[in-house]
Amino acid sequence: MTAVLRIEDLTLDIVSSEGTKPILRGVSLEVEKGSVQGLAGESGSGKTITGLSVIGLEPAGAKLTGRIWLEDIELVGLTGRRLGDIRGRRIGMVFQDPTASLHPQLTIGSQLTDHIRYHLRESKRAAQARALDALNRVGITASQRILSRYPHEFSGGQRQRIAIAIALACEPEVLIADEPTTALDVTVQAGVLALIRDLVDTLDLAVLFVTHDLGVMSAIADRVAIMRGGQVVEAGDRHQVFTDPQHPYTRALLASLPGAKGGINSRADLRRLDLSANAIEGDGL
Amino acid sequence: MSPDSELTDPGPALGPGGEAGPVRRGPAHAVLWRYIGKRLLIAVGLLWGMTLVTFALTNLVPGDPVAAALGQRAADDPAIVERFRQQYGLDQSLAGQYWDYLVRLVHLDLGTSWQTHNPVARDLAKAIPATMEIAFGAIIMAALIGISFGAWSAYRKGKMADQILRLVSLAGISLPTFWVAIVFFYAFYYRLGWAPGSGRLSPGMPAPPKITGMYTVDALLTGQWSVFMDASAHLVLPTAVLTLYTIGLLTRFSRTSFLEVLDKGYIEAAKAKGLPGRTIFFKYVLRAGAIPILTVIGLAFGSLLSGTVLVESIFGWPGLGSYAYQAASRLDLLAVMGVGLFVGLVYLCINLVVDLAYGFIDPRVRVG
Amino acid sequence: MAPSTRSEDGPLTAGGDQAAPRPGRAGHQSAPSRQGPQNHPNRADGIGKRSLTGRLWRRLPKGIRTPVGLIAAVVALAWIAMCLFGAQVAPHDPLAQELPRFTPPGSTAWLGTDELGRDVLSRILSGARVTIGLALALVVMSMVVGSLLGLVAGYFGRWVDETVMRFTDLVMAFPTVILAMVTAAALGASLFNAVLAALVVSWPQYARVVRSMVLSLRTSEFVASGRLLGFSPARSIRLDILPNVSGPTLVLASLDIGTAALLLSGLSFLGLGAKPPTPEWGSMVSSAVQHFDKWWLGVFPGLAILTVVISFNFLGDALRDAFDPEAGEA
Numbered sequence: 001m002t003a004v005l006r007i008e009d010l011t012l013d014i015v016s017s018e019g020t021k022p023i024l025r026g027v028s029l030e031v032e033k034g035s036v037q038g039l040a041g042e043s044g045s046g047k048t049i050t051g052l053s054v055i056g057l058e059p060a061g062a063k064l065t066g067r068i069w070l071e072d073i074e075l076v077g078l079t080g081r082r083l084g085d086i087r088g089r090r091i092g093m094v095f096q097d098p099t100a101s102l103h104p105q106l107t108i109g110s111q112l113t114d115h116i117r118y119h120l121r122e123s124k125r126a127a128q129a130r131a132l133d134a135l136n137r138v139g140i141t142a143s144q145r146i147l148s149r150y151p152h153e154f155s156g157g158q159r160q161r162i163a164i165a166i167a168l169a170c171e172p173e174v175l176i177a178d179e180p181t182t183a184l185d186v187t188v189q190a191g192v193l194a195l196i197r198d199l200v201d202t203l204d205l206a207v208l209f210v211t212h213d214l215g216v217m218s219a220i221a222d223r224v225a226i227m228r229g230g231q232v233v234e235a236g237d238r239h240q241v242f243t244d245p246q247h248p249y250t251r252a253l254l255a256s257l258p259g260a261k262g263g264i265n266s267r268a269d270l271r272r273l274d275l276s277a278n279a280i281e282g283d284g285l
Numbered sequence: 001m002s003p004d005s006e007l008t009d010p011g012p013a014l015g016p017g018g019e020a021g022p023v024r025r026g027p028a029h030a031v032l033w034r035y036i037g038k039r040l041l042i043a044v045g046l047l048w049g050m051t052l053v054t055f056a057l058t059n060l061v062p063g064d065p066v067a068a069a070l071g072q073r074a075a076d077d078p079a080i081v082e083r084f085r086q087q088y089g090l091d092q093s094l095a096g097q098y099w100d101y102l103v104r105l106v107h108l109d110l111g112t113s114w115q116t117h118n119p120v121a122r123d124l125a126k127a128i129p130a131t132m133e134i135a136f137g138a139i140i141m142a143a144l145i146g147i148s149f150g151a152w153s154a155y156r157k158g159k160m161a162d163q164i165l166r167l168v169s170l171a172g173i174s175l176p177t178f179w180v181a182i183v184f185f186y187a188f189y190y191r192l193g194w195a196p197g198s199g200r201l202s203p204g205m206p207a208p209p210k211i212t213g214m215y216t217v218d219a220l221l222t223g224q225w226s227v228f229m230d231a232s233a234h235l236v237l238p239t240a241v242l243t244l245y246t247i248g249l250l251t252r253f254s255r256t257s258f259l260e261v262l263d264k265g266y267i268e269a270a271k272a273k274g275l276p277g278r279t280i281f282f283k284y285v286l287r288a289g290a291i292p293i294l295t296v297i298g299l300a301f302g303s304l305l306s307g308t309v310l311v312e313s314i315f316g317w318p319g320l321g322s323y324a325y326q327a328a329s330r331l332d333l334l335a336v337m338g339v340g341l342f343v344g345l346v347y348l349c350i351n352l353v354v355d356l357a358y359g360f361i362d363p364r365v366r367v368g
Numbered sequence: 001m002a003p004s005t006r007s008e009d010g011p012l013t014a015g016g017d018q019a020a021p022r023p024g025r026a027g028h029q030s031a032p033s034r035q036g037p038q039n040h041p042n043r044a045d046g047i048g049k050r051s052l053t054g055r056l057w058r059r060l061p062k063g064i065r066t067p068v069g070l071i072a073a074v075v076a077l078a079w080i081a082m083c084l085f086g087a088q089v090a091p092h093d094p095l096a097q098e099l100p101r102f103t104p105p106g107s108t109a110w111l112g113t114d115e116l117g118r119d120v121l122s123r124i125l126s127g128a129r130v131t132i133g134l135a136l137a138l139v140v141m142s143m144v145v146g147s148l149l150g151l152v153a154g155y156f157g158r159w160v161d162e163t164v165m166r167f168t169d170l171v172m173a174f175p176t177v178i179l180a181m182v183t184a185a186a187l188g189a190s191l192f193n194a195v196l197a198a199l200v201v202s203w204p205q206y207a208r209v210v211r212s213m214v215l216s217l218r219t220s221e222f223v224a225s226g227r228l229l230g231f232s233p234a235r236s237i238r239l240d241i242l243p244n245v246s247g248p249t250l251v252l253a254s255l256d257i258g259t260a261a262l263l264l265s266g267l268s269f270l271g272l273g274a275k276p277p278t279p280e281w282g283s284m285v286s287s288a289v290q291h292f293d294k295w296w297l298g299v300f301p302g303l304a305i306l307t308v309v310i311s312f313n314f315l316g317d318a319l320r321d322a323f324d325p326e327a328g329e330a
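Chains as they are written, first to last, in this note's numbering: chain A, 1 to 285; chain B, 1 to 368; chain C, 1 to 330.
It should be emphasised that the hints constitute simulated quantities derived from the structure, not laboratory data.
Since this is a predicted model, take the numbers as computed values, not measurements.
Incorrect hints may have been included.
Claimed, not checked - Calculated lysine-lysine pairs in the DSS-like style (CA-CA distance at most 30 Å, straight line):
| # | chain 1 | residue 1 | chain 2 | residue 2 |
| --- | --- | --- | --- | --- |
| 1 | B | K157 | A | K63 |
| 2 | B | K126 | B | K210 |
| 3 | A | K21 | B | K157 |
| 4 | A | K21 | B | K264 |
| 5 | B | K283 | B | K159 |
| 6 | B | K264 | C | K294 |
| 7 | A | K124 | B | K264 |
| 8 | B | K264 | B | K159 |
| 9 | B | K283 | B | K157 |
| 10 | B | K159 | A | K63 |
| 11 | C | K62 | A | K21 |
| 12 | C | K275 | C | K294 |
| 13 | C | K275 | B | K157 |
| 14 | A | K21 | A | K63 |
| 15 | B | K283 | B | K264 |
| 16 | B | K159 | A | K21 |
Generate coordinates for the entire structure from the input sequences, incorporating the hints supplied.
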């Protein structure tokens with residue numbers, strides 16, 4: 001296994017007139033091909049900003065130091081055209097709320113093809129064919145007609161699938177998913193998680209999956225990192241982190257989970273948290 | 001406004017392989033037509049209200065129209081007053097007068113100006129194209145510059161450019177238009193001689209054949225190049241004054257709407273797709289900002305027409321504004337009402353068009 | 001109601017807990033464990049360490065605590081002072097025709113003299129009372145009239161609301177200057193009628209704002225409980241509604257002062273307001289139209305209007321931003 005995306009000692013401060021506010025303190029992470037790196041943490045722990053920093057979407061006033069490698073390209077400090085060539089082309093991004101991340105006044109066809117045409121320099125027709133492929137891949141049986149529909153004509157789960165199709169349309173190596181299931185109903189959540197898992201396996205995709213939800217995390221991640229106060233306090237294999245946490249914070253977190261007195265000690269406890277596709281298909285949750 | 005309209009089906013997502021069915025597509029058009037019908041009905045209601053307002057103002061106010069029209073000497077002579085009252089139907093009951101007034105309105109009869117002794121409608125027909133010429137010019141210029149400034153300001157929020165533009169636009173809306181007109185007239189015409197200061201054409205220049213009544217357009221249509229250049233030069237100063245005021249208004253408003261749009265998730269998502277900044281602006285930002293900005297352009301056009309009242313007389317521009325100014329200063333009520341009714345009507349139409357445009361610009365057809 | 005912006009979700013939870021509250025936007029909270037005192041210079045200054053003026057200063061809206069904001073505040077205060085003492089400060093009698101006619105600005109008369117030999121500076125200073133005083137009066141009047149109608153419409157609802165709101169629609173269907181001009185012309189030209197005409201066009205915005213606030217307050221629990229306690233409408237309005245409505249209404253009023261000054265001076269410019277000897281700025285500009293080559297006649301009264309309007313507009317903006325940070329994005 002090789003790490004496609006490596007974050008090394010990432011530090012981020014937000015400088016404003018009110019002073020300097022530290023957000024990230026030396027975050028290091030690796031995301032491998034064909035696997036899901038989970039990144040969990042409370043609100044304000046810096047997990048979302050870590051994901052956004054990878055593609056240069058850190059908030060205004062942010063001062064970034066450290067290194068982010070995509071294969072052998074250094075991403076920190078990249079701007080303009082060269083950053084644009086990475087975004088959407090080599091790293092796709094899915095956001096929390098598909099209702100917000102899709103433009104309400106543009107057809108999904110337009111939103112699916114504009115970056116394909118820009119990145120791959122394809123004709124409109126070819127880009128549409130590629131967009132339909134991407135839609136099929138995320139489980140939306142697509143016909144030409146669907147491209148002329150607007151986001152409001154789809155349900156929440158379908159919208160998030162479309163957002164994933166947009167992120168994957170140019171066949172990037174890395175997908176950053178920022179709480180992609182948080183805004184969805186629980187049943188819909190399971191479907192989207194299963195889809196991401198499936199894409200990882202079939203496309204050999206590297207996924208950085210950001211969530212505040214340990215249940216979701218246990219369902220999707222191969223490797224887990226726990227963030228607190230801008231630092232990664234615990235990282236490792238999913239099974240290891242959930243059954244044998246090293247950091248007191250992780251232990252406290254797991255202890256607070258319902259039905260897990262004194263943390264997760266057995267495989268049975270872990271399975272209870274497991275929302276993965278198999279579990280869903282098995283008993284319908 | 002909720003992002004999910006009532007048209008949205010909040011149903012569950014279909015599993016992999018499921019057909020992403022359309023969500024109640026049909027009723028959208030019905031809703032749109034009902035919406036248009038409702039807006040039209042409101043417009044008709046307002047129009048009727050306007051006739052009431054102008055009629056009430058002409059008839060129920062303490063001012064003595066006879067004295068205003070004929071002078072105090074004549075007003076003291078009962079015979080003259082009686083004849084005058086009969087001539088203008090002032091001897092009938094109020095309801096009767098209002099009915100007459102409506103009937104005349106339907107026939108586009110706005111009465112006779114006490115000042116020019118012409119039918120007000122005919123005076124207006126002459127003045128309107130002249131005013132539209134500067135008003136259209138000003139609103140187009142102001143929209144282009146104001147929206148650009150607003151976008152620039154929003155993109156550079158908090159930076160130096162933003163702070164300067166905010167101050168400039170604040171100054172813009174604080175300018176007394178009539179004063180700017182005098183300053184421009186003095187500086188650019190009287191002192192510097194950069195542009196003609198008065199009238200629509202230089203003395204001796206023949207007016208182009210009347211097609212639209214707008215000299216520049218008519219000159220272009222008939223291929224009279226020198227007339228076009230001369231008419232355009234005369235447009236510069238009055239248009240510039242009206243533009244200046246409107247720019248401030250539009251800059252402030254479009255800055256606010258762009259800031260709101262730039263904060264939206266889909267802008268971040270578009271950046272994450274790697275699209276170049278200008279594509280994001282023209283395709284994503286501008287489209288989302290279009291509705292509120294369109295509204296304010298409509299409003300700005302109304303206030304711009306008001307502005308002509310204060311500006312035209314200074315530049316000797318024979319439009320609605322000069323007409324209204326002269327009518328107002330001599331208390332020529334019917335003429336003033338005619339202008340008020342016309343501008344109100346234009347305002348109403350603009351609002352109606354903007355309202356209807358909502359329905360077409362936004363595919364969700366948010367109603368109510 | 002879907003969250004419109006991406007938010008860092010609440011506490012770490014297990015399972016798909018949809019009910020978890022989602023406070024605020026990302027970026028407002030910092031990492032809790034990493035906050036050293038050095039990161040919060042503001043928090044370091046305790047109460048009592050600052051002087052009284054320092055603390056008062058910090059309570060001013062942020063927009064005023066800038067160089068431009070200070071200038072605006074000083075200019076506005078200076079004009080208000082001129083409202084009260086302008087006639088006393090003026091070097092000459094504003095109506096006395098005692099100087100050579102058309103004297104350019106200089107040592108005889110700082111801002112020159114007009115066609116009748118009156119001192120322009122004195123006329124401007126004495127005119128502050130007319131233009132600013134009437135603008136303030138107009139704003140107070142339209143605030144009172146508009147708020148009252150809005151209050152009644154919002155509180156009683158039904159046909160009262162319907163009637164009042166259709167009427168505001170009607171007034172707002174005309175561009176303000178045009179309707180004010182028409183009304184002033186119909187009432188007859190005088191300063192009092194100009195204010196009346198301006199009042200006709202400026203009350204509706206207050207009515208709308210107050211009505212919408214009352215509508216949302218009326219359904220709130222504390223107003224409902226007041227009604228359960230048997231409060232009369234008057235008492236309920238006085239105790240529960242007025243205190244909550246007054247803040248935003250005053251902000252709106254402060255934003256309206258500049259507009260009011262522009263409207264009134266515009267009407268006077270049209271000859272529908274102040275009558276000739278009165279030193280009113282709009283009519284001063286108007287009489288300068290006949291003598292456009294004597295630039296000082298028009299330029300200085302216009303500058304007076306401009307500085308008044310711009311400073312009040314700036315302060316109004318700052319006040320609004322302080323009340324509603326979302327609206328202005330300072």
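How the hints compare with the structure:
Taking the CA atoms of B/K157 and A/K63, the gap is near 18 Å; set against the 30 Å cutoff, the hint holds. A distance of roughly 11 Å separates the Cα atoms of B/K126 and B/K210; the hinted pair therefore holds under the 30 Å criterion. Distance hint between A/K21 and B/K157 is fulfilled; the C-alpha atoms sit about 20 Å from each other, no more than 30 Å. As the CA atoms of A/K21 and B/K264 are separated by approximately 24 Å, the hinted pair is consistent with the 30 Å bound.
Using a Cα cut-off of 30 Å, the hinted pair B/K283 and B/K159 holds, with the two alpha carbons roughly 25 Å apart. Of the pairs offered as hints, the one joining B/K264 and C/K294 is violated, with about 54 Å between alpha carbons and a cut-off of 30 Å exceeded. For the given pair, A/K124 sits about 27 Å from B/K264 by alpha-carbon distance, which is consistent with the 30 Å threshold. Between B/K264 and B/K159 the alpha-carbon distance is near 20 Å, which keeps this suggested pair within the 30 Å criterion.
Taken as a hint, the B/K283 and B/K157 pair is honoured in the structure, with Cα atoms around 21 Å apart against an allowance of 30 Å. Between B/K159 and A/K63 the CA atoms are separated by roughly 17 Å; this keeps the pair inside 30 Å, and the hint holds. A threshold of 30 Å between alpha carbons decides the hint, and for C/K62 with A/K21 the separation of about 21 Å falls inside it, so the pair holds. A hinted pair counts as satisfied when its Cα atoms are at most 30 Å apart, and C/K275 with C/K294 qualifies at roughly 21 Å.
Simply put, C/K275 and B/K157 have alpha-carbon atoms about 46 Å apart, too far for the 30 Å limit, and the pair is violated. Of the supplied pair hints, the one linking A/K21 and A/K63 holds, its CA atoms being roughly 10 Å apart against a limit of 30 Å. Note on B/K283 and B/K264: the hinted pairing holds, with a Cα-Cα distance of about 14 Å set against a maximum of 30 Å. The straight-line distance between the Cα atoms of B/K159 and A/K21 is roughly 20 Å, inside the 30 Å bound, and the hint therefore holds.
Hints 6 and 13, counting from the list given before, are not met by this structure.
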